[in-house]
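A.B. asks: In case you want the letters, here they are:
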Amino acid sequence: MVTTPWDNEFTQRVKAQFGDDLKEAASYLGQNFFVAKPESVIGLIEFLRDEEEFDYLVDITAVHWPKREDSQFDLVYVLYSFARNERIRVKTMLRDGDRVRTAVDVHPTANWLEREVYDMFGIQFIGHPDLKRILMPEEWTGFPLRKELGITAMDNRWVQENLGIESGQ
Amino acid sequence: MAQTFLDANELVINMGPQHPSTHGVLRVILKLDGEKVNGTECVIGYLHRGVEKIAENRTWAQFAPYVDRMDYVAAVSNGLGYCLAVEKLLNVEAPPRAQVIRVILTELNRIASHLLWLGTHALDVGAITPLFYTMREREYALEIFEKYCGARLTTHAFRIGGCQYEIYEDFEKDVKRFCDVFLPKVDEYEQLLTGNRMWVSRLQNVGILTAEQCKAYGVTGPLIRAAGVEWDLRRAQPYSGYEKYEFQIPTRQNGDTYDRYMVRMEEMRQSVRILRQAVEGIPEGPIMAKVPKVIKPPVGEAYVSIEAPKGELGYYVVSDGGLNPYRVRVRPPSFVNLQALEPMAKGALVADVVAIIGTIDIVLGEVDR
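Chains A and B supply the protein sequences, listed in that same order. Numbering (my numbering) for the first sequence: 97 to 265. Numbering (my numbering) for the second sequence: 13 to 381.
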C-alpha cells in the first residue's frame with residue numbers, strides 16, 4: 097500500500113501527546129489513519145474522543161495476515177466526529193495471542209463489535225464485560241475468519257453432536 | 013424458607029427465536045419483574061451464513077450479488093455500498109448517468125424498506141390495516157425494480173463501475189407516476205396512525221434514546237435523527253451526486269418510538285422529492301465507467317459508507333492485489349442499532365419491547381450476515 101504522510105495541526109497535537117507510541121499517521125485514497133502501539137490504542141481513542149471530538153465509534157474489525165512475521169493481525173477502529181464531519185481509522189498490529197484493552201468503557205458500542213472480533217478471529221480483549229461468541233454457537237471451536245481455515249472448514253464435532261449429521265459438507 | 017417460583021422477584025423468559033414480532037430469528041432473553049423489564053439479552057447468529065468468509069473465496073465481482081442477501085429488504089442500498097467501496101479501491105467513479113439511475117433506485121428502495129417497516133411495526137403494535145396499504149404501494153416500487161433488472165428483492169441492480177442495464181423505455185414515466193400516486197398515500201397512513209389515540213399511547217415516551225446515548229452506542233439512521241441530531245450521510249459526506257439534490261433531513265426532539273415513526277414518515281416524502289428531481293434530469297451518456305474485465309484493485313484498503321434506510325452501512329475492503337478480496341468487512345446498521353435494545357427496553361413493559369424491536373427496524377439477515 098503506497099501511503100502518503102498525513103500531517104497537519106491535528107496530527108501534530110496527537111503526536112505531541114503520544115510520541116513514540118504513535119507509529120504512523122498516513123493517508124491512502126484520501127482516507128486518513130493512525131497506527132498506534134497496542135498498549136496505547138485505547139488511550140488514543142479516549143484522547144480523540146475527549147480532546148478532538150471523535151465521539152462516534154463506527155466499527156471495530158480485524159484482518160488476519162498469517163504470513164507476516166512480527167504481527168499477524170491488524171485491529172482496525174473506525175472513528176467519526178459529528179462536529180468536524182471527519183472520519184479516521186486507528187490501526188494497531190497484534191501478534192497471535194496478544195491481548196488488547198477493551199474499548200467498552202470509552203464507547204459502549206464496542207461491546208458487540210469486540211465480541212464479533214473475538215468470535216471471528218480469537219482476539220481477546222482485556223476487561224470486556226462479557227467476552228463470548230456472538231454469531232457462532234457458544235460451544236463452537238475455531239475462529240472462522242482466520243486465513244488458515246478454508247471455506248468448508250467447520251467444527252465437525254459440534255455438527256455431529258448438535259445436528260445429528262456426519263458433516264455439514 | 014425455600015423459595016418457590018412465586019417468591020422469586022425476577023422471572024427469566026425467552027422471547028423468540030420463533031416469535032412473529034421479532035422480525036426473523038432474534039431471541040431476546042427478558043428478565044422480568046412482573047410486567048416490567050429489568051434487563052434484556054439478545055442472542056443472535058441464527059441466520060449467520062459467513063458472508064465475510066464467502067467474500068474471500070469469490071472474485072470482487074462475484075461477491076456483489078451476495079451483499080443483497082444481507083439486508084434483503086433494502087438490497088439496492090447494500091449493492092450500492094459495495095460497488096462504491098470497490099470503486100474507491102479502483103479509484104474510478106461511475107459516470108453521471110449511472111449515478112442518477114443509482115440514486116433513483118436507492119431512493120425507491122428506501123421507500124420500499126420504510127413501507128415494510130411501517131406495515132410490520134404497526135402490525136406488532138396491534139394496527140392491522142396499515143400493512144395492507146403499505147404492501148400495496150411497496151408493490152409499485154418492486155414492479156419498477158422488476159422491470160429494470162428482472163428481480164424484485166435481491167436485485168443486484170448495480171455493477172462495479174456503474175450499472176449493468178440501461179433504463180427501460182417507460183422508466184421515467186413509471187417513476188413519475190409512482191411519485192404522484194405515492195405521495196398522497198403517506199398522508200393516508202398518517203391519517204390512520206399519527207393522531208390515533210392507541211397508536212400515540214403505545215408509542216409516545218417508549219424506548220427513549222437521547223442523542224448522547226445514540227452516539228455512545230453508535231446508533232445511526234432515523235434513530236439518531238429522532239433524537240435531534242441532524243445527521244445524514246447523504247448530506248454529511250455525499251456520494252453518487254447526492255449533493256445536487258434538495259431535500260430536508262427530518263429531525264425530532266424526544267427520541268422516542270413515536271418520533272422515530274414521524275421521522276421515517278417524513279423521510280419517505282423527502283425521498284419522493286429526490287426522486288422527482290432525479291428523474292427530471294437523467295443525463296445522457298455511458299452507464300459504465302472504464303473498469304477492467306478482471307477486477308484486481310491495487311494493494312490497499314478503504315472504508316466507504318452510505319446512508320442505508322436503517323442507518324450507516326459501511327464496507328471496509330482490503331485488497332492484496334489478488335483476484336479475490338483479501339477481506340470485506342460489513343458494518344451493518346441493524347447489528348449496531350440492535351445493541352441499543354438494552355438501554356431502550358430497561359424499565360419498559362413486555363409489550364413495549366415489541367414496539368421497541370419494531371422501531372429499531374432490524375433485518376436479521378443483516379444482523380447475522
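What the hints contain is simulated information worked out from the structure, not anything from laboratory work. These numbers come from a predicted model, not from an experiment. Just so you know, not all the hints are guaranteed correct.
Below, a list of computed lysine-lysine pairs in the DSBU-like style, where the Cα atoms sit at most 30 Å apart [claimed, not checked]: (1) B/Lys43 <-> A/Lys228; (2) B/Lys43 <-> A/Lys133; (3) B/Lys159 <-> B/Lys43; (4) A/Lys187 <-> B/Lys308; (5) B/Lys48 <-> B/Lys65; (6) A/Lys243 <-> B/Lys256; (7) A/Lys163 <-> A/Lys119; (8) A/Lys187 <-> A/Lys119; (9) A/Lys228 <-> B/Lys308; (10) B/Lys43 <-> A/Lys187; (11) B/Lys256 <-> A/Lys228; (12) A/Lys163 <-> B/Lys43; (13) B/Lys43 <-> A/Lys243; (14) B/Lys308 <-> A/Lys163; (15) A/Lys228 <-> A/Lys187; (16) A/Lys243 <-> A/Lys187; (17) A/Lys119 <-> A/Lys133; (18) A/Lys133 <-> A/Lys163; (19) B/Lys302 <-> B/Lys256.
A.B. asks: Take the hints in turn and mark each one as holding or not.
C.D. replies: Against the structure, the hints:
no., hint, result
1, B/Lys43 <-> A/Lys228, "holds (20 Å)"
2, B/Lys43 <-> A/Lys133, "violated (41 Å)"
3, B/Lys159 <-> B/Lys43, "violated (48 Å)"
4, A/Lys187 <-> B/Lys308, "holds (24 Å)"
5, B/Lys48 <-> B/Lys65, "violated (41 Å)"
6, A/Lys243 <-> B/Lys256, "violated (43 Å)"
7, A/Lys163 <-> A/Lys119, "holds (21 Å)"
8, A/Lys187 <-> A/Lys119, "holds (10 Å)"
9, A/Lys228 <-> B/Lys308, "violated (36 Å)"
10, B/Lys43 <-> A/Lys187, "violated (38 Å)"
11, B/Lys256 <-> A/Lys228, "violated (46 Å)"
12, A/Lys163 <-> B/Lys43, "violated (46 Å)"
13, B/Lys43 <-> A/Lys243, "violated (39 Å)"
14, B/Lys308 <-> A/Lys163, "holds (21 Å)"
15, A/Lys228 <-> A/Lys187, "holds (23 Å)"
16, A/Lys243 <-> A/Lys187, "holds (19 Å)"
17, A/Lys119 <-> A/Lys133, "holds (7 Å)"
18, A/Lys133 <-> A/Lys163, "holds (20 Å)"
19, B/Lys302 <-> B/Lys256, "holds (24 Å)"
Taken one by one, the earlier hints fail for this structure at numbers 2, 3, 5, 6, 9, 10, 11, 12, 13, listed in ascending order.
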